[in-house]
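Mind docking chain B on chain A? Use the hints.
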Amino acid sequence: MSPQFYTIIRKILAWVGMLFAVAILQTTVFVRIAPFGVVPDLMLPAVLAIAIFDSERTGAVAGIAAGVMIGALGGTGVNLLPLFYMLCAYLVGIWATIGLSANFPSFLVYMLSSAGARMVITLLAVDRIYASYSLLDVFPQLLFPEFAATMLCAPLLYLPFRRVALLFNRRLKLPD
Amino acid sequence: MGRFFKSRFFVVTVIIALIVVIVPSVLSAMGLSSYVRGALGMIASPFQAAFTYVTDAVTGFGDYFTALEELAAENEELRQQLDAVNDQLYNASLLEEENEWMRDYLGLKRLHIDYQFAEATIIGREAGSQLTVFTLNRGSLHGIAVNMPVLVDDGVVGAVVEVGPTWCRVETMLETASALGAYVERSAQSGVVSGSFSLASEGKCVMEYLDAEADIRVGDRILTSGVGSIYPAGLLIGEVTAIVPDPYSRGLKAEITPAVDLSSLSRVMILTGFDTYSN
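Sequence order for the protein chains is A and B. Each residue of the first sequence is one higher than the one before, counting from 1 in the numbering used here. Each residue of the second sequence is one higher than the one before, counting from 1 in the numbering used here.
Next up, chain A with everything else stripped away, as it sits in the complex (with noise of 0.2 Å):
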């Protein structure tokens, strides 16, 4: 086994530790504090960390584990999140790597265009358990307020997922 194998096992557990890490956070704490009245969702911010600090394909296979992850503590029933987690990670890896640099700035970018197709997967879910709604309700009473909530809690996660992934080589790619 090369170094570089370990280095990627330690790596995909560390990774996976943290998404674990914010999967608990998200179905515990911050259901207790909900700002704005809504749960944030903590792990499309820890994907894209994870997807701008490493590379796309990490970020893209970050992405089904935390899908998986935020619907078998969270969700019931048909969950998006794990397709939804892979392509935003997998689009903002390579925007990331040809477009906008991985700095701060970059990421609340990354976070507004994903956090706006986020209200969507929103809406899908919506329209799937309501018979009937307006949507001059939904956008106010739950896709604005999760869009915010999203969008205030994001930054919380910048900083450690920055710290995790410079401790491995920054942007090592997953071997084809």
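Quick look at which bits of chain B chain A covers, simulated, 3 or more residues with Cβ under 8 Å:
#: 1; stretch: 10 to 21
#: 2; stretch: 45 to 51
With beta-carbon atoms standing in for the labels, derived distance ranges:
#: 3; chain 1: B; residue 1: R79; chain 2: A; residue 2: G37; range: 29 to 37 Å
#: 4; chain 1: B; residue 1: Y35; chain 2: A; residue 2: R163; range: 31 to 39 Å
#: 5; chain 1: A; residue 1: I33; chain 2: B; residue 2: L68; range: 17 to 25 Å
Derived from the structure by calculation, the hints contain no laboratory data. We put the beta carbon where it would ideally sit given N, CA and C, even for glycine.
Using the frame of chain A, we list chain B on its own:
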């Protein structure tokens, strides 16, 4: 850019993601739970329990202060409500008092249709404990003149002795200078009721000019006789509480306790006009 989405990694990852989305959904629709979901839930549950415990403790601590703030706000709100209710009660008591006053006024008016009244409020009292002089909020501008009788439903209070434009002074029966013709209701025994310095402190006055054989007893009601033309006849002055010999006239003197409680008066009626033959 296109290479990113044509790479084998991306395609495989998307397929895995779709499987991860679809399989649990199908299992869930069938009422089953995936092993992955169950295993993750089992691993996470102790952590979730611990975090929930800590969060509950922290938020409970915060809730304690939030509850204190809420209680303080509620307390303030209740205090304001209490103040409002107290104000309402006070206004209600004023209205009740006024209502009772108007009823008394109407009672007197019904009993003596020739009486013309001016309602007045006591705005000043003589300093000291003896209730002999009041100042009322009615004066010459209101048609008040000297020697007008002042009474309430219970009986005679006194008479106006001084008048200003917007005020007047009333000497009660307890004032030593006052004197009004009176008679015993039961026996028609006549006399003069006036103030007595020694009895004024007890809130009493005295009936004089009673001969030694006068038919008067303790408990007799004393009414105005109309003599002197200040007071109309038949108004209640008070009740005999004691009869003592008068060493100067060699007759009798009767101590009278006025029917009106002068200490609790706040509003009176000034009798501005009446027929002298009224009884």
